[in-house]
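Enquirer: Residue numbers (this note's numbering), protein chains in the order written: chain A, 771 to 968; chain B, 1349 to 1958.
To be clear, the hints were calculated from the coordinates, so they are not data collected in a lab.
Take these hints with a grain of salt, some might be off.
Said to hold, decoys possible - Straight line, CA to CA, 27 Å or less: simulated DSS-like cross-link-like pairs of lysine-lysine:
1) A/896 / B/1404
2) B/1885 / B/1483
3) B/1784 / A/934
4) A/896 / B/1845
5) B/1388 / A/934
6) B/1388 / B/1845
7) B/1828 / B/1841
8) B/1483 / B/1726
9) A/934 / A/896
10) B/1860 / A/934
11) B/1419 / A/896
12) B/1828 / A/934
13) B/1404 / A/905
14) B/1885 / B/1860
15) B/1885 / B/1851
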Amino acid sequence: MRKLLAGLLLLGTLACRTAGHPDDAQAMESGLQVGALRGFAATEMMIKSRLTLPNIHVFNLAQFLNASSGDGITLLLGGYQGNAGSSTLRNATPNAVNMMLWRIALSGAAAKIANQACNQDAYGLKPHFVTAAAKLCTPPEDPAVRVAALKEIWLATMRYDAPKAEMDAWLASPTTASADLKGVLESIFLDPYFLIAH
Amino acid sequence: MRRYLMLGAALAALSCRTGSSGALKAESDDDWAKRAWIDKAARALLYGASAVDDEKIEALAALPREQVVDKLMEDPRFQQTALDFNLFFLGLKRNGLNNEGDAAFGPFESHAALASAVELAHGGDYFRLFDWRQKDFMLQQHGYSSPIPGTDSSTVSDAERRQYWLTETAKRLAAWEAAIPAFANNDELCAAYLNLTNDDNSFLRSASQAGFPEPFSQAIDTAVEYQISCGAVTGAVSQSPELRQQIAAEAKGLETILKQLPEIVNKAPKGVKRVDEIVRLPVAEVPWLSKNKSEAFDISMWLSIANSSTNYNRRRAAYVLRTYFCDDLTPLNIVAPSEHVGNKHASDAGCAACHYKLDPMAAFFRDRGIVGLDFSGKPQLIHDDLLVRSGDELKKYLDTWKAPAGSGRVWDAGYVRSPTDQSKNSYGESIDDLFKIVRGADEPKLCLARRLTEYMLGVGQVFDGRWVESLANDFIAAAKPDAPAGASSAAFKSVTKTLVLSKTFSTPDPVKGECYDFAPGVAPSKLPCAVAFIVEKNCGTTCHKGASAAADLNFNDPATLAVPDNLTRVAAVLTSNDPDIQMPLNRYMDPVERASLYKWVQTQISGGAP
């Protein structure tokens, strides 16, 4: 399952398969589902708590979908409805629709954060992230400087949620080598270890 | 190519140590795993926030894991996790307690979830989660008070404005109450009632201008609209004087709330505008509105589990069974009792599979009508679908739940574990009795442990039943009458800590069908983990073990449950309604365990995941 999800996300393509985790009926009993999306609220909280300063509004993920946090569209990205039924995380199985929406939302967040870090005095962003991000605003000449900055950005964003091998593979990827700050953040956000509960 | 080689060389030249910022360090794979676990534990215990500061994670990484958990649980955000879990347990989990634009008052709608979380924060009675009688919470005035007509708002304080509108609300409410007898008929009364939300002279309009906390004004609003609808005021009811009395009684209740509000609203601590902040207040500052005069279900809950005139409270019963007993009512045939009540749907053997527990549970709600209003002793009952029952029809409706003659009770209301062995069942009469059963029975504690395990470790993950039962024992012990004060809070923290320290929690991407944790001192079973405990407890200790196992089904041998024919036989005897065939033979088996084993067997037969 993880390899399939990794393929969907890393390639950034829209899968043709429809929703249908075989264990949906049983899995939809409660809480977070191992192997499924963390959901809209949890993912937004991860990004904000890791990269932005507390009590300062930088963005809401929903704004990149032209919506508000409480809008129904965010439920498509994995959410709870709070009915007196069961506490079910709905739409937590990756499918063509929600992965497209995730890509739009996370791409928007990456662009916003990158723009903030590089062009707007980094207001609202955590200092250690800004220090690393700034090194990618203008591509450094020294590859070692770039790699060091990439690693700090990875550790600031992904922290230790992914194995070290995942970080090493990402650092060595040609895509990472040539990406700007927005592209770097986007690739981390769309990494399965970031989006998927495990 | 050259560029990539240079990058590769740069990468190889760097150790895991970061650059000059020195923010995060992981020297080895173990270091990395420890920090990954700390981040995951922080997310689990601090309500999802990856909010362990870079410097703090290094300090925590130096501590043993037990101490890391202790430190994290001292963080005030742990109380938010507790509140969120309570909502999860009650089937009310939302997308967030903190998100902007989210239903930040959502948890307010569950008095039980909030009261329990507050108790936990102060080392009190966490099992308030299981109580029917609850306290209301009132936040600081949420809205801005409208200007007093004819005054300069800059010279009038917020408190003065609020007091003006409170007084105005009380006056308008009194005026409306006084007008009730004067309406020519209930149609006019109904129309005027519904206008309370729109008319400038309505008391609800003035209530909103006083800036009453949103849940309160919404509660009034909904109560008014649903208390009576013009669709219900037809025919004979139109002239019913009882209906007017009922409305007048409801108005008195609103009056009482209005009188209490100023004290609470003025006393509420400043800055507390979100319900999740309540759990962090010192005990003396928690803004209680009433002393155990509310119920665990508020209006939105009653709306979610509405009772039409045809479902006989079964939806409400199903909610209680699923929520507090983890019983999802998997329909399995049962051995029917020898007595049948003729021509009743629920007495059919196939239907009885669910109804033998559903109907007695539903009986507790027999007097509750639209939005859960209590019609006990009233001449009529209005259902959520606005059907009105009165007279003989009402009597016939209530008689549905009359206990059989000679049973020793008036109502057939109870938590029924066995349709044939009455001694296994817990009976009562009122909803208060129901929640006393919930408080006292072991099944809700086991359900609580099961749900907490799912909440912390993930859905779809298989857990060893004996391990979960060992966790539940903490809750069961804490529920005993002689347990020390605060035992339930201590039990919640202890079980949570065990879960965060578990192998399942520490294992990245755990295999769903595999168990990683087992009860202390017990060797892992060789049987499939998902059902090992159930099989050993109900089948494999007496009859179905060893070379001479009954029916050649030796459940000590894991290969037995891998044979399709054996699985088919097991499914058949689990669900037989013949007392000479149903297994375990002449022994009680917990219905939830029976259902779990049956579902697992069916999954194996159909070739699904373990």
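Enquirer: Determine for every hint whether it applies to the structure shown.
Expert: Structure-based check of each hint:
no. : hint            : verdict
1   : A/896 / B/1404  : holds, 15 Å
2   : B/1885 / B/1483 : violated, 41 Å
3   : B/1784 / A/934  : violated, 52 Å
4   : A/896 / B/1845  : violated, 30 Å
5   : B/1388 / A/934  : holds, 16 Å
6   : B/1388 / B/1845 : holds, 13 Å
7   : B/1828 / B/1841 : holds, 18 Å
8   : B/1483 / B/1726 : holds, 26 Å
9   : A/934 / A/896   : holds, 23 Å
10  : B/1860 / A/934  : holds, 23 Å
11  : B/1419 / A/896  : holds, 24 Å
12  : B/1828 / A/934  : violated, 48 Å
13  : B/1404 / A/905  : holds, 25 Å
14  : B/1885 / B/1860 : holds, 23 Å
15  : B/1885 / B/1851 : holds, 24 Å
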